[in-house]
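As given, the protein sequences belong to chains A and B, one line each in that order.
Numbered per this note's numbering, the first sequence finishes at 352, counting up by one with no gaps.
Numbered per this note's numbering, the second sequence finishes at 287, counting up by one with no gaps.
Careful: at least some of the hints might be erroneous.
Unchecked claim - Okay, derived cross-link-like pairs now, BS3-like style, lysine-lysine, Cα gap no bigger than 27 Å in a straight line: (1) K10/B / K10/A; (2) K71/A / K283/B; (3) K135/A / K10/B; (4) K5/A / K26/A; (5) K72/B / K206/B.
Note that these hints are calculated values from the structure, not bench results.
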Amino acid sequence: MIEVKNVTKKYGEHIAVNNLSFTVEKGKIYGFLGPNGAGKSTTMNIITGCLAATEGQVLINGLDIFEEPVKVKNFIGYLPEQPPLYLDMTPYEFLYFVAEAKGVDKGEIDDELDEVMKITQIEDVQDRLIRNLSKGYRQRVGIAQAMLGDPEVIILDEPTVGLDPKQIIEIRELIHSLGQKCTVILSSHILSEISAICDHVIIISRGNMVANDTIENLSVNYTGKSTILLTVKGAEGKIRMALNDISEILEYEMETDENINHLKITIGLEADIREKLFYKFSEIDCPILSMVTENLSLEDVFLRLTKDETESEVAKLLKEKVIKEDDLYEDEEDDEDEEEYESMFGKKGDDN
Amino acid sequence: MGAVYKRELKSYFTGMIGYIFIAFLLIVTGIFAAATNFRGRYPAFEVVLSNVNLIMLLIVPILTMRVMAEEKSAKTDQLMFSLPVSMSQIVISKYLAMCTVYLIPICVMALYPIVLSFFGTVYFLSAFSGLLGYYLLGCALISIGMFLSSLTESQVIAAVMSFGVLLALFLMRGLTSMMPQTAQASYIGFAALLLAFSLVVYLMTKNYWIAFTVAAVSEIILAIVYQFNRIWFGGAFQSLMTWLSLFDRVDSFIYGLFDLTAVVYYLSVIVIFIFLSVQSIEKRRWS
Chain A
1 MIEVKNVTKK YGEHIAVNNL SFTVEKGKIY GFLGPNGAGK STTMNIITGC LAATEGQVLI
61 NGLDIFEEPV KVKNFIGYLP EQPPLYLDMT PYEFLYFVAE AKGVDKGEID DELDEVMKIT
121 QIEDVQDRLI RNLSKGYRQR VGIAQAMLGD PEVIILDEPT VGLDPKQIIE IRELIHSLGQ
181 KCTVILSSHI LSEISAICDH VIIISRGNMV ANDTIENLSV NYTGKSTILL TVKGAEGKIR
241 MALNDISEIL EYEMETDENI NHLKITIGLE ADIREKLFYK FSEIDCPILS MVTENLSLED
301 VFLRLTKDET ESEVAKLLKE KVIKEDDLYE DEEDDEDEEE YESMFGKKGD DN
Chain B
1 MGAVYKRELK SYFTGMIGYI FIAFLLIVTG IFAAATNFRG RYPAFEVVLS NVNLIMLLIV
61 PILTMRVMAE EKSAKTDQLM FSLPVSMSQI VISKYLAMCT VYLIPICVMA LYPIVLSFFG
121 TVYFLSAFSG LLGYYLLGCA LISIGMFLSS LTESQVIAAV MSFGVLLALF LMRGLTSMMP
181 QTAQASYIGF AALLLAFSLV VYLMTKNYWI AFTVAAVSEI ILAIVYQFNR IWFGGAFQSL
241 MTWLSLFDRV DSFIYGLFDL TAVVYYLSVI VIFIFLSVQS IEKRRWS
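Just need the whole structure built from these sequences, with the hints factored in.
Shown next as structure tokens:
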């Protein structure tokens with residue numbers, strides 16, 4: 001339904017987006033991932049027609065956004081990075097204005113506003129001036145604005161930035177429910193967020209696309225294996241023999257430096273062979289000097305990934321770095337959330 | 001389109017700008033009318049309007065400064081770009097909203113001739129044609145202010161630029177009459193004008209080379225024409241300036257004439273500056 005063809009955007013000499021091509025299919029949630037300045041917002045602005053591409057073309061339902069802008073914009077709801085709100089209006093007035101401008105029938109505007117405000121939970125603040133609303137509420141008004149007029153695609157640029165953890169979870173649920181009705185494209189620089197809601201991920205770095213795959217495929221690539229780093233003292237041959245006895249080991253690399261062996265052992269995710277290794281090496285009289293399980297968070301991998309320019313290097317990284325699945329979504333996130341909560345409430349207490 | 005117009009119109013009255021604009025215009029008109037019509041016992045209201053001209057210099061920039069600049073600085077222009085409404089519709093809606101705000105004091109002013117008619121004979125036709133001329137002048141000035149506001153994201157800069165341009169237009173006749181009528185003076189005048197035009201080109205495109213090329217090519221052509229046809233230049237700059245002087249056109253209305261060429265002139269100015277505003281905003285997508 002959306003086709004991005006060889007889109008390039010240059011600001012003077014600086015290339016913001018470099019020859020980007022991908023297609024967006026109907027009824028899925030797409031995640032746009034990249035560090036700050038990777039070209040996410042630029043790409044989204046180009047898709048929505050807010051910005052013209054230097055080269056290339058964007059087709060939405062087969063229509064070029066620059067040839068038939070008015071028609072195409074009826075298909076799209078867009079929340080830019082900074083929610084475009086008129087501060088001197090109330091959310092109700094603002095949403096009414098947007099609904100009118102999007103050509104919603106007069107009789108249906110109120111029903112649609114009620115529905116949208118209910119979903120985004122801004123009913124309580126609908127008569128306050130947007131100027132006086134907090135960042136989180138402004139963001140919600142921005143999302144509500146994008147939802148109006150039943151667009152086929154909703155494009156959200158960093159929708160959870162500046163929200164508190166509870167709001168982030170709510171917005172994620174909201175996006176999830178939006179995904180049932182229409183296509184959603186959202187951008188973020190937080191990988192865990194994308195992996196929690198999106199079906200499909202497009203990773204860009206410095207204007208280049210480095211990955212374009214479904215979440216399932218990516219997580220197999222990212223998280224299928226786990227790594228143990230070992231430093232063992234002893235003869236190389238002895239150690240190799242010992243390692244061959246352990247069936248869980250998928251592969252290992254070894255570097256020897258005067259009787260000190262640095263090992264990198266790759267195992268399946270579910271296997272925990274640390275105890276086995278300990279007893280095995282003690283059996284053969286080779287003391288373990290250090291043993292570390294590689295526990296890279298998805299963010300770390302992503303950061304490493306986006307540092308590299310070429311896809312082959314990325315692929316290499318994928319093989320090397322492995323993450324433990326459980327750490328990714330639940331544990332770490334919850335910890336973060338709790339911490340943020342504490343710091344938030346702590347601050348509030350101080351203020352009082 | 002209607003939605004944008006309504007929102008714009010409302011925004012002038014949720015803030016102060018609409019009220020300031022209307023109040024200021026009415027107070028000044030009231031003072032002049034009290035002095036001329038009521039104390040001076042003079043029945044022609046259109047004379048008052050010629051005195052109120054000067055006030056337009058101050059209040060038109062106040063009305064127009066935020067119209068485009070604010071959208072850009074508050075990033076709401078992205079909403080405008082993503083709405084299924086074309087840029088020219090948005091610009092025209094915004095322009096019409098300002099013209100509507102300006103229509104309010106004009107309607108109030110229309111009461112003066114009616115009130116005056118209770119005390120003597122008033123020529124309604126000349127009074128109302130004066131008001132029409134004055135309204136058209138204001139609308140033309142507003143379109144210029146809107147264009148200047150679309151060039152920047154700072155409201156202050158927009159206001160100062162508008163004031164400067166309107167002041168130059170206001171003083172145009174006085175300034176040109178001071179210039180010597182010689183061909184050489186005309187040549188210098190044209191050369192300066194082309195440089196100013198190149199500056200505007202630079203402001204709109206932010207591209208040194210385009211502006212420089214425009215300046216160089218136009219100056220060379222001017223120099224060649226000057227070399228071969230000096231006689232043509234005598235007094236030509238004055239004619240051009242007088243022709244460009246927006247404020248002078250309203251005079252015929254104030255003298256009680258319904259000047260159709262002036263109506264066409266003002267409408268052309270309005271169309272040109274609306275067009276330029278649309279281009280200047282469309283241009284942002286390509287930067």
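Results of checking the hints against the structure:
1. K10/B / K10/A: This hinted pair is violated, its Cα atoms lying about 38 Å apart.
2. K71/A / K283/B: holds, 21 Å
3. K135/A / K10/B: holds, 25 Å
4. K5/A / K26/A: This hinted pair holds, its Cα atoms lying about 17 Å apart.
5. K72/B / K206/B: Between K72/B and K206/B the Cα gap is close to 16 Å, so the pair holds against 27 Å.
This entry does not satisfy hint 1, going by the numbered hints stated previously; all others are met.
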